[in-house]
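*Asks:* Spelled out from the first residue to the last, the chains are:
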Amino acid sequence: MIEHHTHHTGAGTLSRPRRVLLATAAVGAALTLAATGCARGEDDVAAGNAAAGDTEGQAQVLDEAASGGQTCNAQDHGIEPFDLTDKKVGFSQSEAESNPFRITETQSIKDEAADRGVELITSNAQSDFSQQISDVQDLMSQGAEVLIIAPLNSDGWKPVLDQARADAIPILTIDRPINGTACEDYVTFIGSDFVEQGRRAADQMIDVLGGEGEVAILLGAPGNNVTTDRTSGFLERIEAEAPGIEIVFQQSGDFTREGGQSVTEQLIQSQPDISGIYAQNDEMGIGAVTALNGAGKAPGDVRIVTVDGTQAAVEYIVDGWIAAVVESNPRFGPLAFEAASAFGSGEDVGTQLIITDREYDADNAEEELPHAY
Amino acid sequence: MTVSLRGRPRVDRERLLLWMRDYGVYVGVALVVLFNVVFTPNFLSFENFRTQAVQVAPVLIVALGMALVIATGGIDLSVGSVMALSAAMISLYLGYGPLVAVLVAVGVGALAGAANGVLVAFAGVQAIIVTLAMMIGGRGLALVLLPQLDGVRNPDLRELGSGSFLAVPYVVWIAALLVAAVAFLVRRSVFGRRLVAVGGNRRAAELSGLPVRRVLLGVYALSGALAAVAGVLVTARLQAADPNSVGVLIELSAITAVVVGGTPLTGGRVRIAGTVAGAVLMQLLVATLIKHDLPPSWTQMAQTAVIIGAVYLARDRGRT
Numbered sequence: 032m033i034e035h036h037t038h039h040t041g042a043g044t045l046s047r048p049r050r051v052l053l054a055t056a057a058v059g060a061a062l063t064l065a066a067t068g069c070a071r072g073e074d075d076v077a078a079g080n081a082a083a084g085d086t087e088g089q090a091q092v093l094d095e096a097a098s099g100g101q102t103c104n105a106q107d108h109g110i111e112p113f114d115l116t117d118k119k120v121g122f123s124q125s126e127a128e129s130n131p132f133r134i135t136e137t138q139s140i141k142d143e144a145a146d147r148g149v150e151l152i153t154s155n156a157q158s159d160f161s162q163q164i165s166d167v168q169d170l171m172s173q174g175a176e177v178l179i180i181a182p183l184n185s186d187g188w189k190p191v192l193d194q195a196r197a198d199a200i201p202i203l204t205i206d207r208p209i210n211g212t213a214c215e216d217y218v219t220f221i222g223s224d225f226v227e228q229g230r231r232a233a234d235q236m237i238d239v240l241g242g243e244g245e246v247a248i249l250l251g252a253p254g255n256n257v258t259t260d261r262t263s264g265f266l267e268r269i270e271a272e273a274p275g276i277e278i279v280f281q282q283s284g285d286f287t288r289e290g291g292q293s294v295t296e297q298l299i300q301s302q303p304d305i306s307g308i309y310a311q312n313d314e315m316g317i318g319a320v321t322a323l324n325g326a327g328k329a330p331g332d333v334r335i336v337t338v339d340g341t342q343a344a345v346e347y348i349v350d351g352w353i354a355a356v357v358e359s360n361p362r363f364g365p366l367a368f369e370a371a372s373a374f375g376s377g378e379d380v381g382t383q384l385i386i387t388d389r390e391y392d393a394d395n396a397e398e399e400l401p402h403a404y
Numbered sequence: 053m054t055v056s057l058r059g060r061p062r063v064d065r066e067r068l069l070l071w072m073r074d075y076g077v078y079v080g081v082a083l084v085v086l087f088n089v090v091f092t093p094n095f096l097s098f099e100n101f102r103t104q105a106v107q108v109a110p111v112l113i114v115a116l117g118m119a120l121v122i123a124t125g126g127i128d129l130s131v132g133s134v135m136a137l138s139a140a141m142i143s144l145y146l147g148y149g150p151l152v153a154v155l156v157a158v159g160v161g162a163l164a165g166a167a168n169g170v171l172v173a174f175a176g177v178q179a180i181i182v183t184l185a186m187m188i189g190g191r192g193l194a195l196v197l198l199p200q201l202d203g204v205r206n207p208d209l210r211e212l213g214s215g216s217f218l219a220v221p222y223v224v225w226i227a228a229l230l231v232a233a234v235a236f237l238v239r240r241s242v243f244g245r246r247l248v249a250v251g252g253n254r255r256a257a258e259l260s261g262l263p264v265r266r267v268l269l270g271v272y273a274l275s276g277a278l279a280a281v282a283g284v285l286v287t288a289r290l291q292a293a294d295p296n297s298v299g300v301l302i303e304l305s306a307i308t309a310v311v312v313g314g315t316p317l318t319g320g321r322v323r324i325a326g327t328v329a330g331a332v333l334m335q336l337l338v339a340t341l342i343k344h345d346l347p348p349s350w351t352q353m354a355q356t357a358v359i360i361g362a363v364y365l366a367r368d369r370g371r372t
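Taken in order, these protein sequences are the chains called A and B.
For the first sequence, the positions run 32 to 404 when our numbering is used.
For the second sequence, the positions run 53 to 372 when our numbering is used.
Be a bit skeptical, because a hint or two may be false.
In the SDA-like style, the derived pairs of lysine to any residue whose C-alpha atoms are separated by at most 25 Å in a straight line are [as the list claims (entries may be wrong)]:
1. A:Lys328 / B:Trp71
2. A:Lys328 / A:Pro208
3. A:Lys328 / B:Arg205
4. A:Lys328 / B:Asp345
A short, non-exhaustive set of chain A residues, derived as facing chain B with CB atoms under 10 Å [unchecked claim]:
5. Phe113
6. Glu128
7. Ile152
8. Ala247
9. Arg288
10. Gly290
11. Gln292
12. Ser293
13. Val294
Treat the hints as calculated values from the structure; they're not laboratory data.
For each residue, glycine too, the CB sits at the ideal point set by N, CA and C.
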């Protein structure tokens with residue numbers, strides 16, 4: 032009896048894996064087929080606003096005053112001068128290219144490399160910091176001789192910095208800095224001043240509210256330096272310039288549209304008198320618009336100020352839902368390659384290159400829309 | 053005499069714990085509502101209840117499927133990724149009209165769930181591993197299919213997300229109908245009896261001739277389909293398909309709702325009404341802390357306290 036039973040089970044396990052494998056493969060194939068088979072989206076225009084032809088007026092512009100006077104050249108850094116066109120450049124992106132900022136940033140780097148005929152290898156850490164460290168190490172072992180890094184965090188880069196210094200590989204960081212010594216650990220940081228973006232958002236808010244009212248802040252992801260900087264700049268300016276504005280609410284929408292929507296829904300329930308919302312990125316601002324719209328508010332009932340400058344947000348200015356957008360320009364390609372090239376030819380390069388960001392409001396939104404990303 | 057005197061308080065305490073295990077979640081909801089009535093401005097308005105109901109609907113629908121899976125002694129970590137797949141499908145198939153897009157989305161969700169089910173039921177791989185793989189792979193596939201957020205302009209789908217029937221939002225109607233359907237399934241159908249039997253004692257269920265594997269396959273497919281429905285509703289409400297962030301961490305909210313609602317993680321028992329109350333409790337907790345503008349870390353700590361409380365009450369199960 033027992034023997035028979037064991038034998039039976041044995042036979043079963045011999046044939047079962049094959050059946051399961053077949054079944055799993057069948058389900059997997061069906062899934063993939065359903066997913067890709069004969070899809071037809073709402074409109075057949077492929078998403079590709081990054082490819083918009085005219086780049087005039089989209090380029091980053093340096094803010095000389097904010098950039099500081101410290102410079103670095105190849106000799107100071109202890110690196111032999113080089114011609115960038117002969118070099119292999121490695122680019123490490125921090126987050127998935129699933130939002131307009133990252134898409135445009137990566138595309139800008141790729142376009143500039145192609146324009147200059149420079150060989151480029153890229154990686155994406157998908158928001159995983161240890162992944163980004165090993166990504167950069169991989170780029171170096173694949174022969175990258177110049178590194179452009181969009182860091183996920185500012186700290187924790189020592190292993191990479193040590194190896195790069197040993198191999199005399201210059202590092203340029205974009206959009207976020209790496210903590211280290213300029214001209215020793217890295218050549219230059221190119222980016223926006225997030226605190227300044229917060230201040231300018233506050234200026235816009237003070238302007239549209241006439242200096243009076245209750246304001247809510249939709250914070251970005253907690254523990255992120257962009258969130259902290261955009262908050263501190265905003266609060267500092269409001270406190271200094273507009274005693275009539277009261278910040279009554281600060282909750283995180285995690286930089287996502289859904290987060291902005293659900294937090295705003297709660298907000299307008301408990302504080303119906305709110306007059307302004309400062310969203311720390313466009314996605315949360317658009318979520319706020321959806322929530323206000325759903326609650327039966329009209330455009331302009333609650334004035335919204337956001338940061339980023341994506342096309343969708345600037346279109347909402349034209350529609351009257353968003354009052355103003357402070358730009359955070361992701362097109363780092365031209366400046367980054369220009370800095371790398373100048374550094375290679377032995378010139379002095381500023382160790383901190385702060386870019387000037389545009390602003391969109393009701394007066395210029397329609398005409399500036401093509402410049403949004 | 054002395055024995056019975058000493059014995060009685062212990063019995064009462066055990067009875068109280070048992071009662072709290074089954075009904076504590078309702079007490080929790082009542083307490084949070086009471087707190088808000090007293091301390092939160094504008095809480096007692098129809099609009100507010102509407103907002104809370106609309107926001108809880110997706111988690112609730114996902115939790116229904118999760119409750120069934122947990123009743124069989126399994127777990128489904130892939131629900132959030134299935135929502136992302138569903139959102140991607142909506143965007144990809146909306147060209148055929150909203151009905152086709154929704155059917156494809158729910159169908160793909162059921163297929164993804166069935167893939168989990170095949171591996172759990174027939175290959176005997178642990179549910180936590182299978183669904184973890186689907187959680188990672190599903191979102192990956194969704195992002196390959198739809199790399200970035202895509203706005204939804206279709207008026208019918210937008211109406212589904214923001215419109216109402218008899219002053220109650222469609223989203224809430226759908227959640228209510230699904231609750232009724234799943235409750236019926238559990239209480240009145242053979243399938244419902246079988247899935248609880250499988251969770252109670254799989255070996256016994258097998259020996260008594262129940263089609264254990266088919267039941268498991270069905271339960272995981274159902275969980276996938278329900279998650280896909282939640283994905284459709286979130287997409288309709290957001291007026292955009294966002295596979296990158298839709299449903300992130302929703303599996304944890306759903307498991308919490310199920311456990312807080314009195315369904316033991318060990319399976320063999322399922323409480324649908326408790327699951328609804330569990331989801332409502334978590335939603336009201338989050339809403340309360342947001343409305344009072346407390347830091348998000350407080351929300352996490354409050355949720356932790358509720359979970360620990362629920363697990364503490366459930367711990368005595370073996371002794372009853």
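*Asks:* Give me the numbers of the hints this structure contradicts, sorted from smallest to largest.
*Replies:* The structure breaks hints 1, 2, 5, 7; every other hint is satisfied.
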